[in-house]
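S.K.: Listed below are the residues making up each chain.
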Amino acid sequence: MSTETKIEKPKKEKPANLVIPPPKPKLSKAERRAIQEQQRAAKSALQQGNQGGGKPPTNEQNKSASSTTKQPKQQPANQPADTPKTATTRPCDGGLVSHLKAHQNPELLFETGATLKASIGVDTAQLHPAVVETGYRFATGQIRGGNARCRAMLETFAAILPDYVSASNPTDEDFRQTLDQVILKPAFTYWTEHCRPHSVSMGNAFTFLKTAVASLDRDLDPMAYVDKLQESIHAYERERIEYAMAAIADLTCQKLLRDRDEVLLVYGHSEVITKILEGAVSTCRQLRVILVDSRPLLEGKKQLEKIRELGIPCSYILLNAVTYVFQDVTKVLLGTAAMMSDGSVMGRVGTASVAMAAAAHNIPVLVCGETYKISNRVQLESITNNELGDPNLVSTDGDTANFKRLNLLYDLTPASFVSGIVTELGIVPPTSIAVLLREMNPQEK
Amino acid sequence: MTGLADETEIRNYLDVRRWLEEHHRKHLALLDRFLLELRRGRLKQMDRRIVIHRTVDFLRHMVGSTKWKNPAQLHLLLRGIGHELQKAGYHEPSIGNVVRRIMAAVREEANFDNEHTIDSTGGRLSLQSMLWALPQHVKASRSISSVRSGDHQRQESFADADLVSPEYPAFYYQERSGLKSTVMEAMDEIVNELEDLYKNINEQVVNHIHSGEIILTSGRSKTVELFLKAAAAKKLDFQVIICEGAPGNSGHSMAKVLADAGLDVTLINDSAVFAVMARVNKVILPAHAVLANGSLMTPSGGNLVALAAKHNSSQQRHGIRRSAGQTAGRY
Numbered sequence: 001m002s003t004e005t006k007i008e009k010p011k012k013e014k015p016a017n018l019v020i021p022p023p024k025p026k027l028s029k030a031e032r033r034a035i036q037e038q039q040r041a042a043k044s045a046l047q048q049g050n051q052g053g054g055k056p057p058t059n060e061q062n063k064s065a066s067s068t069t070k071q072p073k074q075q076p077a078n079q080p081a082d083t084p085k086t087a088t089t090r091p092c093d094g095g096l097v098s099h100l101k102a103h104q105n106p107e108l109l110f111e112t113g114a115t116l117k118a119s120i121g122v123d124t125a126q127l128h129p130a131v132v133e134t135g136y137r138f139a140t141g142q143i144r145g146g147n148a149r150c151r152a153m154l155e156t157f158a159a160i161l162p163d164y165v166s167a168s169n170p171t172d173e174d175f176r177q178t179l180d181q182v183i184l185k186p187a188f189t190y191w192t193e194h195c196r197p198h199s200v201s202m203g204n205a206f207t208f209l210k211t212a213v214a215s216l217d218r219d220l221d222p223m224a225y226v227d228k229l230q231e232s233i234h235a236y237e238r239e240r241i242e243y244a245m246a247a248i249a250d251l252t253c254q255k256l257l258r259d260r261d262e263v264l265l266v267y268g269h270s271e272v273i274t275k276i277l278e279g280a281v282s283t284c285r286q287l288r289v290i291l292v293d294s295r296p297l298l299e300g301k302k303q304l305e306k307i308r309e310l311g312i313p314c315s316y317i318l319l320n321a322v323t324y325v326f327q328d329v330t331k332v333l334l335g336t337a338a339m340m341s342d343g344s345v346m347g348r349v350g351t352a353s354v355a356m357a358a359a360a361h362n363i364p365v366l367v368c369g370e371t372y373k374i375s376n377r378v379q380l381e382s383i384t385n386n387e388l389g390d391p392n393l394v395s396t397d398g399d400t401a402n403f404k405r406l407n408l409l410y411d412l413t414p415a416s417f418v419s420g421i422v423t424e425l426g427i428v429p430p431t432s433i434a435v436l437l438r439e440m441n442p443q444e445k
Numbered sequence: 001m002t003g004l005a006d007e008t009e010i011r012n013y014l015d016v017r018r019w020l021e022e023h024h025r026k027h028l029a030l031l032d033r034f035l036l037e038l039r040r041g042r043l044k045q046m047d048r049r050i051v052i053h054r055t056v057d058f059l060r061h062m063v064g065s066t067k068w069k070n071p072a073q074l075h076l077l078l079r080g081i082g083h084e085l086q087k088a089g090y091h092e093p094s095i096g097n098v099v100r101r102i103m104a105a106v107r108e109e110a111n112f113d114n115e116h117t118i119d120s121t122g123g124r125l126s127l128q129s130m131l132w133a134l135p136q137h138v139k140a141s142r143s144i145s146s147v148r149s150g151d152h153q154r155q156e157s158f159a160d161a162d163l164v165s166p167e168y169p170a171f172y173y174q175e176r177s178g179l180k181s182t183v184m185e186a187m188d189e190i191v192n193e194l195e196d197l198y199k200n201i202n203e204q205v206v207n208h209i210h211s212g213e214i215i216l217t218s219g220r221s222k223t224v225e226l227f228l229k230a231a232a233a234k235k236l237d238f239q240v241i242i243c244e245g246a247p248g249n250s251g252h253s254m255a256k257v258l259a260d261a262g263l264d265v266t267l268i269n270d271s272a273v274f275a276v277m278a279r280v281n282k283v284i285l286p287a288h289a290v291l292a293n294g295s296l297m298t299p300s301g302g303n304l305v306a307l308a309a310k311h312n313s314s315q316q317r318h319g320i321r322r323s324a325g326q327t328a329g330r331y
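So the sequences go chain by chain: V and D. So the first sequence is numbered by this note's numbering: it starts at 1 and just counts up by one. So the second sequence is numbered by this note's numbering: it starts at 1 and just counts up by one.
Okay, chain D solo, but in the shape it has when bound (with noise of 0.2 Å):
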């Protein structure tokens, strides 16, 4: 019995609100209160590592007390998890990277005590195994063989609606012991990823900013100011003019911050990019997620700074931020 028709057992990742409402009342309780907080939008925090490490804290509850039994059974739990909070925080796209890093975690497992028996190409390792949420086999077959092959279904959100009921491997719904730890360590790693974030950042500041130029940013980002602040504190000699960022004016509190730490700073309003692009050398916007495609999503007006820089052809610098799951873009 490959665990689909029983109550106690999660069925599809839709199921996971009956589940919990079942057997985890607090669990489900916790998972209610998070999410309202992200559709009021209480998490849209200046810093968003407040946000992984809350998204964190609140797996490590989901996972480390909940009674799942197999790897199919966390990874429909994450996945369900993952579809509610995208649902509710579609804003803030690390949320469900850092899901989906989990799930990774999971397959990997899963996965890792079987590799004599699949071909060792490096199925697990690959790179569509490890963008991809699910796993890439159809429905109707349970050999192994199609853990790699088949119709790969890109996966870009947490729903699918052919894939309710996905089938995972026979190796999947057998129980493993070093699992959860796994998975904590998993966890772990996210949060130090976090640690080191701006260290590994602001160690290639010297690489872009130079002595004598003129650097344009907009609004307030703490990537950003930290990147400007390291290069001062290298002595770098170079001015910065900073976009107000109306209406919220974030770039007032950012030059603030910033002539504090000694840096020349202009602050203009958003209306005048333009004018003053002609003087400037680079432009450091920052991220608030990298997209698939390429694409950027800043705070509103980044659109505008970013075409008058094409415009006078200064070269644009991304400020990125290593949010959970997700690879630093170009920079």
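Isolated chain V, as found in the complex (with noise of 0.2 Å):
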């Protein structure tokens, strides 16, 4: 049970020589956050001093906080007890999700910029503007999907690059540790502690990027490390988003939708999803779009817009209804947002029930996902390892001592509900996810 039930214990009788101290002062509300602060400010203070140069532990540290999607018990200095009240919402039913990390209200943190300073131990003014108006996007969820985050990311970070060149020493420092400690990983931190939670993808994305700096030359000319690591930034981007996107759309395109009669069932947004129904127009002999979308966030709604260009035959319901329409379904295609190890996947809260009713009613259910949205984790549930959304999508009721609202995020689909995954480098079964993650990263153990 989340509320404690209180237990009156029989007063005890107070030695004589004890000495009680006055009792607090009320604080005000600004003045309880000020005191914070400036506690805050001491501890990020000794933990610079700790960390002058040191490399290799904050590289371990990020190398395992981003390929796990999300350790709130790492960075204690950020539960919602520490950041003013008013910035977080309510923290939802304490016994179900009490390790998730509360939603946080956008635009009342970006208000409060000193804070920033104080709980990170980075002050917003010293990050680029870029990377707090990313920031900004992901937070108030302008830019929403793995894919979208991700590019966003990278983006990001290749445009920042060349900023930062002529304001640092060349020939003293070594770039590769400005790369690190000045743009990438306080910038990661910010948008993963501050803005979002990463996902899995923006997380796979980051670990390259570190090692992608890692294996840099050393002694090359800044300008050079610049060009250098916009060049991978953006063949990564190129070659596991953009052409792995292209290539699952040819494979389901080819392989199961080549002159056939589909009735294909979807689920909210994906741009994996558009891609493919973008080349089955082509290719399916008659093509016919059943469009699923559920509360609260309707993302189908824009995909709804781009099959509608396309001109694909198409209805639109929401999850509830999804029982009615499967007699007519022949497949069901879901994007993802991460693959587990053991196949198992995580997507948008609702796939998980789309996909167990289409087992259900023996229908095959394909799951789009690029490799690099693979993680090495293994998640048994929904809950173990999820986000919290704004409740106040839910219902607009505030929360009350025994009323709360859940939003939550992501759902995790069971590889038992998943016929296959189409990935870029093939069709396979939910059990081969792990194959292919140690083809992808031979190095890692």
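Worth flagging that the hints you see were computed from the coordinates, not collected in a lab. Every value quoted in this text rests on a predicted model; they were computed, and no experiment measured them. Beta carbons are placed, not taken as given, at the ideal position from N, Cα and C, and that holds for glycine. Be aware that a few hints might be false.
[To be verified] In the DSS-like style, the derived pairs of lysine-lysine whose C-alpha atoms are separated by at most 30 Å in a straight line are:
1. LYS282(D) with LYS101(V)
2. LYS235(D) with LYS199(D)
3. LYS229(D) with LYS180(D)
4. LYS199(D) with LYS234(D)
5. LYS310(D) with LYS331(V)
6. LYS235(D) with LYS282(D)
7. LYS101(V) with LYS256(D)
8. LYS43(V) with LYS302(V)
9. LYS256(D) with LYS310(D)
[As the list claims (entries may be wrong)] Some but not every residue of chain V turned toward chain D, in silico, with C-beta under 7 Å:
10. LEU96
11. SER98
12. ALA148
13. LEU319
14. ASN320
15. THR323
16. GLY350
17. MET356
18. ALA360
19. ASN402
20. ARG405
21. ASP411
[Unchecked claim] One side only, chain V facing chain D, incomplete, derived with CB under 10 Å:
22. TYR324
23. VAL325
24. VAL349
25. SER382
26. THR400
Hey, can you piece these two chains together into the complex? The hints should help.
M.R.: Set out below in structure tokens:
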């Protein structure tokens, strides 16, 4: 139970020579916040003093932080209780999701600039404005979706790199350290902890970036570093995202949809699904799409626009009606946010319900995901690792002592519901994801 | 003469409308108004007892003030009305059940005085005769023994192509003085059962809900609401997770009502039901109707909840309302 039962303890008798300190003065909110900031500033000053130029410990920490999506326990400074009460909504049902970070209202966050500096040890004044802007877009939900967020991150990095060349001192410092400590890490930390927890796609891309930085030759011109890094970023984006999407679309259309009469069921919004449908228009003999959407995000509306542009006959239903349409459906195509190494698929909340209903009707479920979204994590169920969204989207009634709103953003589809996973390396059964992981990262153990 | 070619009598169940038009205009108007309400979905109340009350009142009026002469006529009248009601109100199975129950009462009363002429093997009280809307005997023979024997045609609806002109045993055509009062009593019984409806269900709450559990439900239902409130009243300490039930969002008002009653409530979207199911101990679903094969009609989305519960191997409990004439399903 979340609420603690209050037990009346019998009052102890006070010993005679006990010195009772005077009662603490009741501070106003502003005063308490000021005290908190002072304490945090002191703490971060201490931390920065300790970590001088130590790359390996921070690298490892970032690697582990990015290869697993999010571990709030590793950053105790960011428990909801430390950030000002005005910036966070009331934490949800303590029993279910107390291990997840409470949703933060983005508007309030960006007003309290001073607190940002204190809480994460980074001054937004020291972050590149493009980073802050991207972070704002993440937090408010203007950029949503695994591919979109990752792309935004990579493009932001590619854009800001040149701005650091003239500012730094090329001869004394190792520019690689500058890249790491001043550009990449603070931005990523800022986005993850203050704007929105990073997705698996972002995490994997960031890991790649750090590897790329570490593998740059020593003693190069800073401008040369920047060029090489930009090249790596663009190559990653091109190969792992754009090319992968095109390959997946091609595979699906040629192997699964060619010359067939299809009624495809899709859920929510996914870039790769859009690409598949673009190809399917010409490869299918007859094509019809049933689009399933769900509250609170109603991302299907975005997808609907794109389907209408393609001119495909389309029905739009809400999630609860999905069992009514299954008699016509031939295949279910789903996008994904992440694929776990045991074959389970992390996607937008509601994906699991669609997959489950389809499996119950013996309709094949195809999950389409680029390989860079594969995570080596194993997750047993949806709640252990998830993200909380704005509870006001669920209901505008406020939280009270015994009424809470829960807005989960992701859910986990078990491998048993998935017939096949389409990646740019081929169509594989869910259990082969682990193999793909090993193939892609031979140096990882 | 067994009352067939007579204009003042109902020939068969499809003839009811003509008969009403000729002899009871006002009742026909009443029937049409009721059908219109059904078709327009006016009776899709959350509290389905209102529907039953309306149906019973309507039938009371129909049975009470029309000039039927004998049990056969009354039976045909009811069957005809039931047929029309079912066509218009197919989304409300309980209406058909009410009518069937009255018809069973009619048959029971008609058979009652003749028990000395039938073998007393309880043919009139057997499950077969209670469930089926029509007498089971075959067309040709009028013999008494054919009441229980012969081809038993299963009647799932009031419509039957073959037996448009059913022929009842001879004693159905005798006038019966106590029939009307018996039928009225049967209707009162239906209404009275509704009174105790929730009490009977809520008595069992301690068997099913225990402290420290997390219960999941979907949308708004009076039965489930009272069930959970009864559990809270027994000082059981549990949490309730409510799926909102898009697009009607009836879960929102359910959450409010339960929270006001002091329960620990969490509101989630329907899409999140699979995600939270791993933490749920029990699922309670409201029943719109229980069908003969054990299937459950629930508000939209119940299927997904049930599938998720099965996958996570939570136990499912169906909140059952004793719709008139329908035995309560499994708990």
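S.K.: Take a quick look at whether LYS256(D) and LYS310(D) sit within 30 Å of each other, Cα to Cα.
M.R.: Judged against 30 Å, a Cα distance of about 28 Å means the pair holds.
S.K.: Are the Cα atoms of LYS235(D) and LYS282(D) separated by 30 Å or less?
M.R.: 18 Å, holds
S.K.: Do the numbers back the hint for VAL349(V), that is, is its least Cβ distance to chain D under 10 Å?
M.R.: 5 Å, holds
S.K.: Taking the closest Cβ pair, is ALA360(V) under 7 Å from chain D?
M.R.: Because about 6 Å separates ALA360(V) from the closest Cβ in chain D, which is inside the 7 Å limit, the hint holds.
S.K.: Measuring from the C-beta of LEU319(V) to each C-beta in chain D, is the shortest one below 7 Å?
M.R.: Constraint on LEU319(V) satisfied, holds at 5 Å.
S.K.: VAL325(V) was flagged as interface toward chain D. Is the shortest Cβ-Cβ separation under 10 Å?
M.R.: Since the shortest Cβ distance to chain D is 12 Å, the answer is violated.
S.K.: Can we keep the SER382(V) interface hint, with Cβ of chain D closer than 10 Å?
M.R.: Where the cut-off is 10 Å and the nearest Cβ of chain D is about 4 Å from SER382(V), the hint holds.
S.K.: Given a cut of 10 Å on the nearest C-beta pair, is the interface hint for THR400(V) held or broken against chain D?
M.R.: 7 Å, holds
S.K.: Using Cβ atoms only, decide whether GLY350(V) comes closer than 7 Å to chain D, and label the hint accordingly.
M.R.: Hint holds; GLY350(V) Cβ to chain D Cβ min 3 Å, cut 7 Å.
S.K.: Does LYS235(D) pair with LYS199(D) here, judged by a C-alpha cut-off of 30 Å?
M.R.: 17 Å, holds
S.K.: Against chain D, run the beta carbon of THR323(V) and see if the smallest gap drops under 7 Å.
M.R.: Holds, about 5 Å.
S.K.: Is LYS199(D) within 30 Å of LYS234(D), Cα to Cα?
M.R.: Holds: LYS199(D) and LYS234(D) sit about 14 Å apart, inside 30 Å.
Checked against the numbered hints above, the structure violates hints 3, 8, 11, 12, 23; every other hint is satisfied.
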